[in-house]
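Given the structure of chain A, go ahead and fit chains B and C onto it with the hints provided.
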Amino acid sequence: MRLPAIAAALGLPVVLALLPLALSNYHVDLVTQMMIYAIFAMSLDILLGYTGLPSLGHAASFGISAYTVGLVSLKVTSVFWLVLVAALGASVALSALLGLLAIRSRGVYFLMITLALAQLLWGIAFQWRSLAGGDDGLPGIHRPNLGIPVSFADAVNFYYLVLVFFVLVVGVLSVFVRSPFGIALKGIRESETRMMSLGYNVWFYKYLAFVIAGAVAGVAGMFAAYHIGYVSPADLGILLSAKVMLMVILGGAGTLIGPALGAGIIVLLENVISGQTERWPFILGAIYVSVVLFAPQGILGTFKAKLRRSADR
Amino acid sequence: MTFWLVQIFNGLSFAMLLFLLAAGLSITYGLMGILNLAHGSYYLLGAYLGLTVIKNTNSFLLAILCAIAAVVVLGIVMQRFFLRRFYKNELAQVLLTFGFLFMIGDASLWMWGGNPQVLPKPSVFEGSYRFGSIVVPSYRVFVIGLGLLVALGLWLFQEKTAVGAVIRAGVDDEEMTRGLGINTPLLFTVVFGVGAALAALAGVIGGPFVGVYPGADIEILLLGLVVVIIGGVGSLKGAFVGSLLIGLLDNFAKALFPEFTLFTMFGAMALVLLLRPTGLFGRK
Amino acid sequence: MNSHCLVVRNVCKNFGGLKAINDMHLSLEPGERRAIIGPNGAGKTTLFHLISGTLAPSSGAIHFLGREVTRLLPYRRAALGLTRTFQITNLFHNLTLLENVLLAVQALDNVKYSMLRPVSSYRHLGRRAFELLEEWGLRDKAGIPVRNLSYGDQRQVELIMAVAGNPKLLLLDEPTSGLSPAESATVVEIIQKLDSNMTILFIEHDMDVAFALADRVSVLHFGTLLTEGSVKEIQNDPRVGEIYFGAEQCDA
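So the sequence lines, in the order shown, correspond to chains A, B and C. Mapping the first sequence onto my numbering, position 25 (from 1) lands on 25, and the numbers just tick up by one. Mapping the second sequence onto my numbering, position 223 (from 1) lands on 223, and the numbers just tick up by one. Mapping the third sequence onto my numbering, position 174 (from 1) lands on 174, and the numbers just tick up by one.
Treat the hints loosely; a few may be bogus.
Said to hold, decoys possible - No more than 20 Å apart at the CA atoms, straight line, and that leaves these computed lysine to aspartate or glutamate pairs for EDC-like:
1) Lys232(C) to Glu32(C)
2) Lys232(C) to Asp208(C)
3) Lys193(C) to Asp109(C)
4) Lys254(B) to Asp135(A)
5) Lys186(A) to Glu32(C)
6) Lys193(C) to Asp153(C)
7) Lys88(B) to Glu192(A)
Unchecked claim - Now the stretches of chain C that chain A is said to cover, found in silico as 3 or more residues with beta-carbon under 8 Å:
8) 8-21
9) 112-121
10) 132-141
11) 177-190
To be verified - Facing chain C, from chain A, some residues (calculated, C-beta under 7 Å):
12) Asn157
13) Pro180
14) Met196
Simulated from the structure, these hints should not be mistaken for laboratory data. All residues carry an ideal CB built from backbone N, CA and C; glycine is no exception.
Excised from the complex, chain A in its bound form (with noise of 0.2 Å):
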């Protein structure tokens, strides 16, 4: 591996630790909000950047962990580690019924199926106002108590939880991206044809990555609940689809670590220009625009064709 790739990968964590002591609890707050959508990003880039399948319900995943932590934390039990079974089984158990109907299309249908398979779960949460609360949501979601005498309350000791967790998904899925799982993905990406005949089972590998990428989205979806302590339909719903898809994009499809940055980008954004202004949506529909009339790469897609031109010359 390459010595910035090193250093990155250590020096980053340690920043990151270091950083609640330099921060006022409000900013602190932001970088916890920042990682978690940064999961959240990472794991559709495995779907949609690594293998090529365009989904615009990935929120369907994060939005039912986010709802069985609303459900479990305020009807069953507090601890963490039950619900973290409950939600992380959730998505899993709901990507892989899902996968099973969306994986057979392709391109603008695997588009539509998800969209409309998100929405259907959206329209049960908005109208079911017995168990979701309906367009209300659940409200009172507490933070986690992990059974320890640590109150997860307190924005810096959040922060740190969630910290642990991204550390573990970033690392896990640099691995999964380079395994021999991984770059089959990306084969799938280039020529499902080839690959099928090559002796890939091609719909099982689609299949398990939108399974994984499920259960990854359900980690962030777990902690975004947390985090605000409320959950409602929009967890659910197209805009943070949408959302997503252009964390994604606009740092990079297909690099990991770009969807990431970008999720962090728009975060920041959104928090400081909502401060100052009313017009973030418009801001953020420039974003969209923006992006794919110039920078389709994404960021680090961008840096590195530039990195790769000037390695020819």
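Chains B and C alone, transformed into the frame defined by chain A:
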């Protein structure tokens, strides 16, 4: 009995709105490979512009004309300078048109505020008609009539004119169409413009009974997508039949099992995508 | 049945009303080099798709090494030792040459489902990949994205991918398509040097190449077998010249 008839009537008028929206959306994708998620924005903008014109001139007709004119210009600019470059690149189109959706939506919020508004009906349609035991607002009759008229006009155009034939052929096989030496770029722009005009029209005439509010763009877009998928991409007949189905379904669902309307809509869309991806009347 | 490498029997393929392949028969001995020739539209590529599994026949049966494979998906046939190249280069364009070959090398290896170890930690895969690249003289281009390779190199990579797994039957779809005479000659040399135990079935438009490489030739016309025989027999068969509407291959 009366209940059912009234529901059917309401469903039909809503179906006409959906048809006006879905027709443009469907043909645009079928002919040009452009998935325009900002189509709902044309509806929203049409409604708001119509509202402003009516408030200032009291003329419903003028409202319709101005709304259509403005939205058509916007639509053509979007198509010629932005969307054209991303033919068949659905991912780019999704993000690009979403961007426009946000920008237009927020600009509208800024200009007209966040309160839901209702357009005043033209005075000639403020009464109601009696059909036997049922009373229906004459405005809804107007909407249904107008919708059917437009549907008929579009159908005649598509079936009986040379340009219409080219469009039908283009939906089936666009490479061949290009090969026929027709000025495809001009045709595409015109078709796109017509689609935008219909959406704006829907916004204005829907204003009096559906109203206009922030978020209406996404709501109507999603319903429009459901209609297009169920009816079949690129098919006018599909858009019409799909609109009827969804318009009626939406109305009956709201009346009978209001907690399941959304589930029903998207469930139907998902089902069609799984079992018959090209929809009821789409190309194979 | 068991001694043959490939047996295609009574195979038909219909597309709606069109009979693309009609009552096709073909049988290959192990180690045989068979050329499939015929004018455009004769059904050669369709036949390839049927044999490789990309398409399923409307009727008839295909046996490979004694096993019925008629409806098996392509990836299952690859596992049995049946691979193919594509006429239009079908590589992983944005991946490096090394990644392309690695994907071919790990395709039939159990580790291909491994998720928690980098592929570089499986030394046997890298070794085999570099071995192949060395054999084909492309080792120094390993880090180059395949889309930046010359067309001639890309056609070679097509071949490498197909032979990486030591297949028993190799289907070559117009291996010299788009190549200059010099490049074609190189490809012919490479194919001649392939393992003589490997059975090769190939489609060719270039008659010189076809007759140079083949032991036997099958001639297709309108989806059926017109005739079949040794290279000499086919060269001397007047019917073969006729179906090409011209005197092109009288120079062969």
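How the hints compare with the structure:
Using a Cα cut-off of 20 Å, the hinted pair Lys232(C) and Glu32(C) holds, with the two alpha carbons roughly 16 Å apart. The hinted pair formed by Lys232(C) and Asp208(C) meets the criterion: a straight-line CA distance of about 13 Å does not exceed 20 Å. Under the criterion of a C-alpha separation no larger than 20 Å, the hint pairing Lys193(C) with Asp109(C) is inconsistent with the structure, at around 25 Å. In summary, the hint linking Lys254(B) to Asp135(A) is supported, as the alpha carbons are separated by about 16 Å, within the 20 Å threshold.
Annotation: proposed proximity of Lys186(A) to Glu32(C) is violated, straight-line Cα distance about 35 Å (limit 20 Å). At roughly 17 Å between alpha-carbon atoms, Lys193(C) and Asp153(C) fall within 20 Å of each other, so this suggested pair holds. Straight-line distance between C-alpha atoms of Lys88(B) and Glu192(A) comes to about 19 Å, which keeps the hinted pair within the 20 Å bound. Given a C-beta distance limit of less than 8 Å, the hint that chain A covers the segment 8-21 of chain C is violated, as 0 residues qualify and 3 are needed.
With 9 residues carrying a beta carbon less than 8 Å from a beta carbon of chain A, the segment 112-121 of chain C meets the three-residue requirement, and the given coverage holds. Three residues within the 8 Å Cβ limit are the bar, and the segment 132-141 of chain C against chain A gives 0, so the coverage statement is violated. Closer than 8 Å: that is the beta-carbon criterion, and the segment 177-190 of chain C has 0 residues meeting it against chain A, so the requirement of 3 is violated. Here the hint on Asn157(A) is broken, as its CB sits about 30 Å from the closest CB of chain C, past 7 Å.
Given the 7 Å rule on beta carbons, the hint for Pro180(A) holds: about 5 Å separates it from the nearest Cβ of chain C. With its C-beta approaching chain C no nearer than about 4 Å, Met196(A) sits inside the 7 Å limit, and its interface hint holds.
Comparing the model with each earlier hint shows violations of hints 3, 5, 8, 10, 11 and 12; every other hint is respected.
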